[in-house]
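Participant: Protein chains in written order, with my numbering: chain A, 1 to 220; chain B, 1 to 294; chain C, 1 to 123.
Just so you know, the hints here were simulated from the structure itself, not pulled from any lab data. Note that the structure is a prediction, hence the values are computed from the model and not measured. Just so you know, not all the hints are guaranteed correct.
Said to hold, decoys possible - List time: in silico EDC-like cross-link candidates among lysine to aspartate or glutamate, alpha-carbon distance up to 20 Å:
1. C:K13 - B:E201
2. A:K3 - B:D71
3. B:K225 - C:E57
4. B:K2 - B:D185
5. B:K242 - B:D265
6. C:K13 - B:D71
7. B:K128 - B:D105
8. C:K2 - B:E201
9. A:K215 - B:D223
What the hints assert, rightly or not - If you anchor each label on the Cβ, the simulated ranges turn out as follows:
10. A:L123 - B:E65: 53 to 61 Å
11. B:R111 - A:L173: 47 to 55 Å
12. B:R184 - C:N8: 47 to 55 Å
13. B:E65 - C:K2: 40 to 48 Å
14. B:D70 - C:N8: 44 to 52 Å
15. A:R211 - B:F17: 36 to 44 Å
16. A:R53 - B:L135: 51 to 59 Å
17. A:R211 - B:L135: 22 to 30 Å
18. C:K2 - B:F17: 42 to 50 Å
19. C:T67 - A:S82: 44 to 52 Å
20. C:T95 - B:L260: 49 to 57 Å
21. A:S82 - C:N8: 28 to 36 Å
22. B:S254 - C:T95: 33 to 41 Å
Heads up, the beta-carbon is just placed ideally off N, CA and C, and yes, glycines get one too.
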Amino acid sequence: MNKTLTLSQAVKLYTGSSIGRLTVTFTGLLFAQTCLTSLIFAVISWSEGKTNRISDFVSLIFQISLMLTHLFLLGGYMFPRSVPGGKFFRSTKEGFAGYQKMRTGVLLVAILILVLSLGGMYLLNMAVPIGTSAAAYVILLIVSLYMISFLNFLQMLPDEGLANVLRITALVLTGIFSAVRFTVQRVEWWHWLAGAVALLLVPLSHLILLRHYRKYFWNT
Amino acid sequence: MKNVIEIKGITKHYKDFTLGGVDAVIPCGFTTALIGVNGAGKTTLIDILCGVTGKSGGEALYFGERRDIDDPALRNRIGYCSSMNFFPPNWTLKTIAASMELGFDNFDRARFTELCRRFKLGDPADKKQKKLAKLSDGNRMRTYLAAVLSRDTELLVLDEPASSLDPLARDMLCDLFREYLAARDGERSVLFSTHNISDMENVTDYAVFMSHGKVIAQGFVEDLKQSYQLVHGDAAQAAKAKPLMMTFSGNATSFEGIALVEQADKLRALDTAVEAPTLQQLSVGLLRKAEQDE
Amino acid sequence: MKIYQNTNEPIYKQIAAQLREQILTGQLQGGDPLPSIRALAQDLRISVITTMKAYEELSAEGLVTATKGKGYFVNAQDAQLLAEQHMRQLEEHLTDAIYSARIAGMGLDEVQQTLAALWNMDA
Numbered sequence: 001m002n003k004t005l006t007l008s009q010a011v012k013l014y015t016g017s018s019i020g021r022l023t024v025t026f027t028g029l030l031f032a033q034t035c036l037t038s039l040i041f042a043v044i045s046w047s048e049g050k051t052n053r054i055s056d057f058v059s060l061i062f063q064i065s066l067m068l069t070h071l072f073l074l075g076g077y078m079f080p081r082s083v084p085g086g087k088f089f090r091s092t093k094e095g096f097a098g099y100q101k102m103r104t105g106v107l108l109v110a111i112l113i114l115v116l117s118l119g120g121m122y123l124l125n126m127a128v129p130i131g132t133s134a135a136a137y138v139i140l141l142i143v144s145l146y147m148i149s150f151l152n153f154l155q156m157l158p159d160e161g162l163a164n165v166l167r168i169t170a171l172v173l174t175g176i177f178s179a180v181r182f183t184v185q186r187v188e189w190w191h192w193l194a195g196a197v198a199l200l201l202v203p204l205s206h207l208i209l210l211r212h213y214r215k216y217f218w219n220t
Numbered sequence: 001m002k003n004v005i006e007i008k009g010i011t012k013h014y015k016d017f018t019l020g021g022v023d024a025v026i027p028c029g030f031t032t033a034l035i036g037v038n039g040a041g042k043t044t045l046i047d048i049l050c051g052v053t054g055k056s057g058g059e060a061l062y063f064g065e066r067r068d069i070d071d072p073a074l075r076n077r078i079g080y081c082s083s084m085n086f087f088p089p090n091w092t093l094k095t096i097a098a099s100m101e102l103g104f105d106n107f108d109r110a111r112f113t114e115l116c117r118r119f120k121l122g123d124p125a126d127k128k129q130k131k132l133a134k135l136s137d138g139n140r141m142r143t144y145l146a147a148v149l150s151r152d153t154e155l156l157v158l159d160e161p162a163s164s165l166d167p168l169a170r171d172m173l174c175d176l177f178r179e180y181l182a183a184r185d186g187e188r189s190v191l192f193s194t195h196n197i198s199d200m201e202n203v204t205d206y207a208v209f210m211s212h213g214k215v216i217a218q219g220f221v222e223d224l225k226q227s228y229q230l231v232h233g234d235a236a237q238a239a240k241a242k243p244l245m246m247t248f249s250g251n252a253t254s255f256e257g258i259a260l261v262e263q264a265d266k267l268r269a270l271d272t273a274v275e276a277p278t279l280q281q282l283s284v285g286l287l288r289k290a291e292q293d294e
Numbered sequence: 001m002k003i004y005q006n007t008n009e010p011i012y013k014q015i016a017a018q019l020r021e022q023i024l025t026g027q028l029q030g031g032d033p034l035p036s037i038r039a040l041a042q043d044l045r046i047s048v049i050t051t052m053k054a055y056e057e058l059s060a061e062g063l064v065t066a067t068k069g070k071g072y073f074v075n076a077q078d079a080q081l082l083a084e085q086h087m088r089q090l091e092e093h094l095t096d097a098i099y100s101a102r103i104a105g106m107g108l109d110e111v112q113q114t115l116a117a118l119w120n121m122d123a
């Protein structure tokens, strides 16, 4: 009887939900949130005759919702020993290996949500044109990937207060940046390069975070 | 006599507390009590033995062969449970069953359902589930026990299981230990920690006493009760008796304490009562002496 | 089996005494298995080390033998040995009776009368 946990099983052990369920739930919430608030805003703007603001708003609310989702997924799941459940998790058959798989699973959820929500927004955009370009979505994807790595690194900061300040700063910057970004019309070569780096940085930051966590948090 | 755990020189350094070096054996096929006051290091030692906390040094031998507590095969054989906050507070019987099944290879759902029924906790298959946070301390502890006893393990390690249980439940806990040991006659062992042994004396076979991070005495209960004697007498003999005794407490009318059996005859000659102590009396004596020596 | 928790007599001695009686009176025959130490501990609700010590005492007296992996079994008792054991017990009981008689101020005749009466009652 030597079964090792899959990523989804590890996530289920710690949270009670599988990777699939977490992805669907969060993506669904994200869309519901974005569509609902955008619809309300669109109705208000249309009635006021200022429809040129709608695309800005949609990009704003979408980006903030996405950022909040990533903040939640990549800022938590620490499970210190003192917190209820901490000792149980540490006594399971796979111990830290199980924790590692859980964190990797949650990271996967974050990336899946990113891809699905962007894809969904792009499709929605084609059906209901709100004046954003395909290039903008690519830029958004790349920036979000950097944000994921950034949040991973933030979890290693010993000063929890400073980490939270930086998280809020990132959220605010997201809001400010979003309205500007959606005007990009073409993807340049250096965008692709930045994207490649962002893609590499995600697993790298994840591995560094896990190594740090094991050394300073798991068994001390 | 086989040992289920051999502890050699285990140490752990914290900012304001040091454990160790701890040298002890836990005999196989019996119930061992780890006895000490709060802060003596019992939880730290148990956490280290079960892989919940890392150690600074030393080693432990399990089942006479394994050394690496991070080995999943070894972890499957050990049933560990802490006293409070073992599972997250928003978990229910259903989530506990699901996570236990994923966390270990030998979790038996049917047995869990049966134990939940026996402990009057409800049914893990019910539609409506109660969260752990809503249960009383006693029922929460019972839930943890149901979960850990639903696994087919060879060593049960419980950190202060009796603390949140009323006397009736403690009695039931003793029965559970005996049931656990009898089911695989001689192949299973129990280790539990406590700061108050009185309700658990009837089930304890072996005792390990801890004080200030170190083991101060250990042995089979019957042997300990022969090596140490309870002495009591009138105040008139106090002065003569005191130097012969290991621990001493007296007032204007009488005195009492623990003495080594070698002094028993001399003490009897002083017209004092000398008899075998209860494990509780012995604990108080040994731990008090350790406090005084510190 | 009856054990008294709160007397001065160690529980393992009580168990040994009762089992010894059962063996010497023939209630337990040679070859009969004793309950496992853990099963007995569970039934009497005491610690395993207590039952183990009781069995070890009986084993030291030659009344039972531990078989590896199978538990404790009663040894076949020598009939003459049994008789001697009973004789010794009789002498012990009679000594106690004489002591009580002396305290009560009874003479030898009175004691013999009481003995005869009890003997006939039983027959």
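Participant: If a hint holds in the structure, say so; if it doesn't, say that too.
Facilitator: How the hints compare with the structure:
Pair hint C:K13 plus B:E201 holds up; C-alpha atoms about 17 Å apart against a cutoff of 20 Å. A threshold of 20 Å between alpha carbons decides the hint, and for A:K3 with B:D71 the separation of about 13 Å falls inside it, so the pair holds. Restraint check for B:K225 and C:E57: the C-alpha separation of about 17 Å stays at or below 20 Å, so the hint holds. Of the supplied pair hints, the one linking B:K2 and B:D185 holds, its CA atoms being roughly 14 Å apart against a limit of 20 Å.
With a CA separation close to 14 Å, the supplied pair B:K242 and B:D265 stays within the 20 Å bound. Of the supplied pair hints, the one linking C:K13 and B:D71 is violated, its CA atoms being roughly 44 Å apart against a limit of 20 Å. A threshold of 20 Å between alpha carbons decides the hint, and for B:K128 with B:D105 the separation of about 27 Å lies outside it, so the pair is violated. With a C-alpha separation of about 19 Å, the suggested pair C:K2 and B:E201 falls inside the 20 Å cut-off, and the hint holds.
With a CA separation close to 44 Å, the supplied pair A:K215 and B:D223 exceeds the 20 Å bound. Between A:L123 and B:E65 the beta carbon distance is about 60 Å. The supplied range of 53 to 61 Å therefore holds. Range check, B:R111 to A:L173: about 54 Å between beta-carbon atoms, so the 47 to 55 Å window is met. In this structure the supplied range 47 to 55 Å is violated for B:R184 paired with C:N8, their Cβ-Cβ distance being about 35 Å.
At roughly 43 Å, the beta carbons of B:E65 and C:K2 sit within the given window of 40 to 48 Å. About 50 Å separates the C-beta atoms of B:D70 and C:N8, a value consistent with the hinted range of 44 to 52 Å. One distance hint, 36 to 44 Å for the beta-carbon pair A:R211 and B:F17, is violated here, with the actual separation near 27 Å. With their beta carbons about 52 Å apart, A:R53 and B:L135 fall inside the hinted range of 51 to 59 Å.
Between A:R211 and B:L135 the beta carbons are some 38 Å apart, a value that contradicts the proposed interval 22 to 30 Å. Roughly 48 Å separates the CB atoms of C:K2 and B:F17, a value that falls within the hinted 42 to 50 Å. Here the CB-CB span from C:T67 to A:S82 is close to 51 Å, well matched to the stated 44 to 52 Å. Between C:T95 and B:L260 the C-beta distance comes to about 35 Å, which lies outside the given range of 49 to 57 Å.
The hinted range of 28 to 36 Å is not satisfied by A:S82 and C:N8, whose Cβ atoms lie roughly 47 Å apart. Distance hint for B:S254 and C:T95: a CB-CB separation of about 36 Å, consistent with the stated range 33 to 41 Å.
Comparing the model with each earlier hint shows violations of hints 6, 7, 9, 12, 15, 17, 20 and 21; every other hint is respected.
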